[in-house]
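Participant: Sequence:
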Amino acid sequence: MSVKSSWPLWEVFVRGKRGLNHVHVGSLHAPDAEMALRNARDLYTRRNEGVSIWVVPADAITASSPDEKDPFFAPSGDKVYRHPTFYAIPEDVPHL
Numbered sequence: 001m002s003v004k005s006s007w008p009l010w011e012v013f014v015r016g017k018r019g020l021n022h023v024h025v026g027s028l029h030a031p032d033a034e035m036a037l038r039n040a041r042d043l044y045t046r047r048n049e050g051v052s053i054w055v056v057p058a059d060a061i062t063a064s065s066p067d068e069k070d071p072f073f074a075p076s077g078d079k080v081y082r083h084p085t086f087y088a089i090p091e092d093v094p095h096l
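Just so we're aligned, residue 1 is where the sequence shown starts under full-length UniProt numbering, counting upward by one.
Some hints could be false.
Distance ranges between label pairs, derived from CB positions [claimed, not checked]: (1) GLU91 / SER65: 37 to 43 Å; (2) TYR87 / HIS24: 17 to 23 Å; (3) ILE61 / ASP92: 32 to 38 Å; (4) ALA60 / ASN21: 46 to 52 Å.
Don't read these hints as lab results, they were simulated from the structure. Where is the CB? At the ideal position from N, CA and C, for every residue including glycine.
With these hints in hand, go ahead and build the complete structure from the sequences.
Facilitator: See below:
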């Protein structure tokens, strides 16, 4: 096994200049967080389009399965108060 393949996998999220949130852009292998951040900068923001980068160890991410979406999200269906239909949103509130 090569040294590179024994490095942990990092998931990379970039926030663009016009974006409000970080978007998953890919993955890379690196020996530590600092090197992952530097490599992510070089690989995913070559055209100077990012303003912020997050690198997260892939094994630190816990995700739901798309196959289980119906039973997983079903409990939220009866909570109508979570939907913005019961109150007025002021005009001066941005990004809501």
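Participant: Against the structure shown, which of the earlier numbered hints fail to hold, in ascending order?
Facilitator: Result: hints 2 and 4 break, sorted rising.
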